[in-house]
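So the sequence lines, in the order shown, correspond to chains F and C. Residue 133 in full-length UniProt numbering is what sits at position 133 of the first sequence, and the numbering runs on without skipping anything. Residue 77 in full-length UniProt numbering is what sits at position 77 of the second sequence, and the numbering runs on without skipping anything.
Hints are not guaranteed to be accurate.
For chains that are exact copies, the list does not tell them apart, and a pair is met inside one copy or across any two.
[Stated by the list, open to error] Calculated cross-link-like contacts (lysine-lysine; reagent style BS3-like; alpha-carbon spacing at most 25 Å):
id, residue 1, residue 2
1, K188, K19
2, K137, K19
3, K105, K77
4, K64, K131
5, K77, K214
6, K214, K131
7, K13, K62
8, K77, K188
9, K51, K19
10, K188, K142
11, K188, K131
12, K188, K137
13, K188, K54
14, K64, K19
15, K54, K137
Please keep in mind that the hints were generated in silico from the structure rather than gathered at the bench. All figures in this text were calculated on a predicted structure; none of them were measured in a lab.
Each chain, written out:
There are 2 protein chains.
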Amino acid sequence: MKTVRKDLLKRRKSADIRKENLQLILTVAEQRFAEFGYNGTTISSIAEQAKLPKSNILYYFKTKEVLYKEVLSQILKIWMVDMEEMTADQHPREALRHYILLKIKQSRDHSNASRIFASELLHGAPFLREKLQTDLKTQFIKTCQVFREWIAKQWMNPVSPEHLLFMIWSSTQAYADYGLQSSILMGKEELDDDDFETGADLLTHLVLRGCGIKLL
Amino acid sequence: MKTVRKDLLKRRKSADIRKENLQLILTVAEQRFAEFGYNGTTISSIAEQAKLPKSNILYYFKTKEVLYKEVLSQILKIWMVDMEEMTADQHPREALRHYILLKIKQSRDHSNASRIFASELLHGAPFLREKLQTDLKTQFIKTCQVFREWIAKQWMNPVSPEHLLFMIWSSTQAYADYGLQSSILMGKEELDDDDFETGADLLTHLVLRGCGIKLL
DNA sequence: CAACTAGCTGACCATTAGGTCAACAAGTTT
DNA sequence: AAACTTGTTGACCTAATGGTCAGCTAGTTG
């Protein structure tokens, strides 16, 4: 295999090799961690699936913990981006609708990342605590502030910003976390596009109506 | 210790011993599994916390898997009870409000159980799949049917029963699963009674208004 | 109280997992 | 192409973990 590649595609530069392997390992690791959790995932199993020897994984990531943290840090970024887009000058009708849609899409498109994040929280966020207390908290406070301004402008009813945000997070997150349960209960192999759409619609509707936001 | 107990409380009967120890082990195991997951929990750590020798745990539960399954099966029961209470002849206003309240209380009072359940689902429900497909699915279908009848009676808008139920599950469940995250973000040690109440109120409000159920 | 059963436990074992290392191969630089 | 850096890997080590077992003690029963 490798010799073939070498012959066909010339020799790979060191920098490329590094980049490719890092990416490969991170991708595979994300899959495994999502499915089996931190303790349930072995370096060997990652190696096997990546078709690399175990030692090679350890060459790029000194320890399993380092690898896991690397995976995690990428996830938190993804998780926070969408929130930044909501600003006080937007109308909550569009802003919330948009945010909910993005968040549900994320559950579909980055299901592994979402699940790792959830699992981490579930078990007390041992590796993520600090970042939660700093990065995410900052963003959280900002977003709550946006909600408060919307309330001040009487664009929405005075609901608790914190709890509203939790509620949106959990409901959207659920399409990743509990996607399996849902599909089992509905007798499907997997949730389909329609499910994600119905979910997004329902949630948007509940939130907008529940917060007394005019639907236009 | 033991000799003291024996002297003070007479000798314990075999049956009692069995019952007490089983209960003790199950309780401790639930704590550990909730905090560290299946793979992250060692029999030794359970033994240590229960102040029993490891062998004694293995005496009552042949394997770790057996113990875990026993913990799980108790959980699913708890998880399903509340749902049964909703029936078509009740008005959704009271029925849903009541259900949401119970479910959130459950997140508070049985936080460990809730988290184990969540973790199990998150990782593909390896030990629970069957029971989901049978017991829970049956109840799920029943409850969706109740929702449909409410819709037929025009007591609520025609929303997707399945997705509505998912949404209630995830939002209430969140107070157990993400309780830690929430408290970190709000700068508290723990979620307090007030939080649970605010959460329940908000969610109830969103659901009732969002489903067009008259608030009285 | 003798025979029996249930509860208890330390010593032991096999497997596995994370991680090290030394030696070699492949790229890079001068 | 020699010297050097980066990438690769199998063999090896150590610690932990799930689980067994033989022998013990404590309750039960005829």
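Intra- versus inter-subunit Cα pairing at 25 Å for K77 with K214 | This pair counts as neither: shortest intra-copy Cα distance 32 Å, inter-copy 41 Å.
Checking K105 and K77: alpha-carbon separation at most 25 Å within a copy, between copies, both or neither?
-> Within one copy only: 16 Å inside, 32 Å across.
Evaluate K188 and K54 at a C-alpha cut-off of 25 Å and name the case that applies: within, between, both or neither.
-> neither (37 Å within a copy, 42 Å between copies)
Checking K137 and K19: alpha-carbon separation at most 25 Å within a copy, between copies, both or neither?
-> neither (32 Å within a copy, 46 Å between copies)
Checking K13 and K62: alpha-carbon separation at most 25 Å within a copy, between copies, both or neither?
-> within (22 Å within a copy, 55 Å between copies)
Within, between, both or neither, where K188 and K142 count as close if Cα-Cα is 25 Å or less = This pair counts as between: shortest inter-copy Cα distance 18 Å, intra-copy 39 Å.
What label fits K188 with K19 when the C-alpha limit is 25 Å: within, between, both, or neither?
-> Neither. Shortest intra-copy (38 Å) and inter-copy (41 Å) distances fail the 25 Å Cα cut-off.
What label fits K214 with K131 when the C-alpha limit is 25 Å: within, between, both, or neither?
-> neither (36 Å within a copy, 43 Å between copies)
Within a copy, between copies, both or neither: where do K188 and K131 come within 25 Å Cα-Cα?
-> between (37 Å within a copy, 16 Å between copies)
25 Å Cα threshold - placement of K188 relative to K77 = Between copies only: 24 Å across chains, 32 Å inside a chain, cut-off 25 Å.
Could you place K64 and K131 in one of the four classes (within, between, both, neither) given a Cα distance threshold of 25 Å?
-> within (19 Å within a copy, 34 Å between copies)
Intra/inter-copy verdict for K54 and K137 if alpha-carbon distance must be at most 25 Å | neither (37 Å within a copy, 42 Å between copies)
Against the hints set out earlier in the document, violations occur for numbers 1, 2, 5, 6, 13, 15.
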